[in-house]
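Chemist: Listed below, chain by chain, are the residues.
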Amino acid sequence: MAITSIKNLKEFSTNNDRFEGAHTLCPGCAHSMIVRELMNCTDDNLVVAANTGCLEVSTAVYPFTSWDTSWIHIGFENAATAVTGAEVMHKVRKKKGRLKDNDAPVKFVAFGGDGSTFDIGFQWLSGAMERGHDFTYICLDNENYANTGGQRSSATPVGATTSTSVAGTHSYGKKEKKKDIVSIMAAHGAPYVAQLAPNKWKIMAKGFQKALETEGPCFINTVSPCCTEWKFDPKDTIGITDLSTDSLMFPIYEIIDGHELNILYRPKNVISVEEYMASQGRYKHLFKPQYRHIIEQVQKDVDAKWDLLQRREEARI
Amino acid sequence: MQDLKLLANDNRGRSQLEAGFDLLGWDEVTQGSVLPSFDGDATGIANMKAEERTYSGYNSYTATVASWRVIKPVFNRDICIDCQNCWVWCPDSSILSRDKQMLGIDYDHCKGCEVCVEVCPTNPKSLLMFNEHADLEESLASWPEKKKKEKKSEEA
Ligand SMILES: Cc1ncc(C[n+]2csc(CCOP(=O)(O)OP(=O)(O)O)c2C)c(N)n1
Ligand code: SF4
Ligand code: SF4
Ligand code: SF4
Ligand SMILES: [Mg+2]
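Quick note, the sequences are listed as chains D and G, same order. Oh and the first sequence: position 300 is 509 in the working numbering, straight run, nothing missing. Oh and the second sequence: position 107 is 102 in the working numbering, straight run, nothing missing.
Hints are computed from structural coordinates only; laboratory data are not their basis. Among the hints, erroneous ones may be present.
[To be verified] Covered stretches of chain G (in silico footprint by chain D; criterion: 3 or more residues with CB under 8 Å from a CB of chain D, positions within the stretch not fixed):
| no. | region |
| --- | --- |
| 1 | 19 to 28 |
| 2 | 41 to 47 |
| 3 | 67 to 77 |
| 4 | 126 to 137 |
[Said to hold, decoys possible] Derived coverage of chain D by chain G (criterion: at least 3 residues anywhere in the stretch with Cβ under 8 Å from a Cβ of chain G; other residues may be distant):
| no. | region |
| --- | --- |
| 5 | 315 to 325 |
| 6 | 444 to 455 |
Predicted model, so just to flag it, every value in this text is computed and none were measured. Beta carbons are placed, not taken as given, at the ideal position from N, Cα and C, and that holds for glycine.
Chain G with its partners taken away, still in its complex shape (with noise of 0.2 Å):
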């Protein structure tokens, strides 16, 4: 799979697992729970980039929603023109873009709604989606041809 380096956590998803065993239940929290997003020091934080950060155990950066996906955008760096649309529409912050360079995708926070293969405007697109079992090598190598005229892209 992708290896970005870019994530500030591994073992994501695992408080959420943990959940049941040492969190309070919905009915044994008082009132007005304050749940802090990083651990320390929040100072700065918006000049910070994620893997720069320390994440709170609260803070759903270190969940994953990864399992409400069935389909799934491989990213195709050779025809990729990095003009960061993904980016900027992605609604689940999971366009992982470093020096204005568009580097791949969160696969614990993406949802796989697509939006970011419909707003790509290469040709073809540098972003396709593919069955979320796909295997990203056999993926990038079925990728579809320069088309002669913009149509809707296929799903392979």
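Next comes chain D alone, as it looks inside the complex (with noise of 0.2 Å):
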């Protein structure tokens, strides 16, 4: 495939935007600069759908598109499904040589939310990969359902106040623990399964190129700070993403056939739970007495959690 030159950013830098501006996503969102990543990351010809999200209502305002390559909507849950028969009528007709241009490299992306992923398009997603097609799932993970205003989703964190997880004198905020949508995607056998971040945009844009080169279904889970619903400004989001990344809230690694497992960033000074929750919002009831406890108890998990991704990588399973 043409895979773009990622070797530095001037490099980068000069690939030209396939998505354009005059979007209606949020200033600050980092929804848009992982799609840019993707939509820069290669030259192939794209074919994209996209689940309903702030993304999908913000890029495609009638009578705007924001997409230089085709692209469809349908439902909030069927982005897979979507872009999965795309995939199969281009095989299809490539066989018999329908196409335009035969020979024109062409990759399937969709993009979902963490509402349409973890949980309503769930099952279209597994469906999708269970089928084996050749495309990538990208999911802008922001931990809520931040387009109909800031839902807890199977996404939100513990301790995070949402709209339907609302933080008071007799709650915290979400009770559940986030779904482990990186395992429960590498379990289907898929060759390419990754959780990465804008702020990392070269460990970021090399799992791309690899997602859409990697034949068959891959998934990515990008961190995707919501300063909407997350409550911080604008300015911050790529330091925000940093506290995200450094505090290990949101480890960096990717699954290859659902079993070898590779950490991509060990931060080198790693900062606690703590700092990454005071730097939002949501999280502000937790720092009353009566809270204090939910802060360690989520800094426990986090530290399991990376227990057993070095663990897993080390024992190459």
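Reconstruct the complex from the two isolated chains, following the hints.
Modeler: Given below as structure tokens:
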């Protein structure tokens, strides 16, 4: 495939954007940073589908589209279904020699928010992974249903206040743990699964390229800090992403063929979960004396997860 | 203002103004509408710069969100080291880079989020936020001196 050079940022910046401005995502939204990287890491033709969510509603506001590629939206849950349908059609037409340019490389990509990926579109995604289509699914994980006003999803972490897990005198916010979507997708036997973050642009671009190059269903969960619902200043999006990867709340790793786990980023100075949480309004209540133990509880979970990832990497299982 | 000659359209936002007159209303569109991003053949778009493309009136490239802004980033070419941090992290595809050089800001698409200023590594920064109505020449003339210690950038 025609991958573009990501040797350094200067080289990378010679790419011509295929994701245009004047979309209506919030200022500072990480969704578009992630999408731009995906679109810029290859010169191949792209067929993109998006689930309903902030990305979709903000980039296809009639009469405008921000996509310089083939792009389709159908429903909340079925970007994986739509794009894999297109993938099959392409394969068949190619075999019959019925394409305008039979040799043009085409990649199939689906985007979904965490709500559509972890919850409402989960079975559709699982089905597409199981059928083994050649496509890449990218989840923009902002840990809530942002587009409808910030409801909790199964990606929302413990302790976060959302409009349906409201913190107050009787509640510390969400009680249930975040679903481990990366492991679930790896368990489908997918050839490439990863968790990536936009602050580590090179690791992310490499991961995207690997997924696009790999034949078969690939899944990538990306951290997408949402200034509106996480409650931080839009200018700090990259700084907050740094805190998320350096606190190991979002470890950066890949799993190849369902078992070969590689850690892709090891922070030099690991910061505490407390420091990460202090940067966002959605965790503010946890700093009250009666809820402080929740921060410790989350720290323990994060430590245990990091320990597990390292042991899996070492044992190659 | 900046004269970059890198933009494929002047008259941006025109179709937004005209939308009420010659476009179908939301309740008149049949389900399953198709909007072409380009006029004519779109082959090889990935290898064309914006100024070489033929954007259709449906492409948001031809629209503007400039009215969202209350503060704007101003670019100081003299200090910039062309690291392209601002390019990779701008969420609104508004950093105009060509041939590894940062040339300026697309003020029709910039929403004034200030991310570019935050990620700019020079001292003083090569991008700073100013009031939307501040004059560019005056803003550049008031650029701060090099700081001894990296403190948070001050708004002018
Ligand atoms: C089947 C269905 N249920 C609910 C909705 C309403 N809805 C639209 S967008 C959205 C939230 C999307 O959340 P997420 O997938 O996390 O994406 P985000 O907006 O956070 O990027 C919801 C609940 C819908 N459109 N269709
Ligand atoms: S609500 Fe969050 S995810 Fe949605 S556009 Fe705003 S910042 Fe982005
Ligand atoms: S202020 Fe935000 S939108 Fe404007 S150029 Fe900087 S990063 Fe891009
Ligand atoms: S981040 Fe600053 S130094 Fe780097 S290219 Fe942009 S303006 Fe220049
Ligand atoms: Mg979400």
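Chemist: Count the residues of the region 67 to 77 of chain G whose Cβ falls closer than 8 Å to any Cβ of chain D, and tell me whether that reaches three.
Modeler: Our answer is that it is violated, as 1 residues pass the Cβ test (under 8 Å) against chain D, missing three.
Chemist: Take the region 126 to 137 of chain G, compare each residue's beta carbon with every beta carbon of chain D, and decide whether three or more fall closer than 8 Å.
Modeler: Not satisfied, violated; 0 residues make the cut.
Chemist: Three residues minimum, CB to CB under 8 Å: does the region 19 to 28 of chain G make the cut for coverage by chain D? Let me know.
Modeler: Held - the region 19 to 28 of chain G has 3 residues with a Cβ nearer than 8 Å to chain D, which meets the minimum of three.
Chemist: Are there at least three residues in the region 444 to 455 of chain D whose beta carbon sits under 8 Å from a beta carbon of chain G?
Modeler: The restraint on the region 444 to 455 of chain D holds, since 5 of its residues have a Cβ under 8 Å from chain G and three suffice.
Chemist: Apply the coverage criterion to the region 315 to 325 of chain D and chain G: a residue qualifies when its Cβ sits closer than 8 Å to a Cβ of the chain, and three qualifying residues are needed.
Modeler: violated (count 0)
Chemist: So is the region 41 to 47 of chain G in contact with chain D by the C-beta rule, three or more residues under 8 Å, or is the coverage claim wrong?
Modeler: Our answer is that it holds, as 5 residues pass the Cβ test (under 8 Å) against chain D, meeting three.
Checked against the numbered hints given earlier, this structure breaks hints 3, 4, 5; the rest are met.
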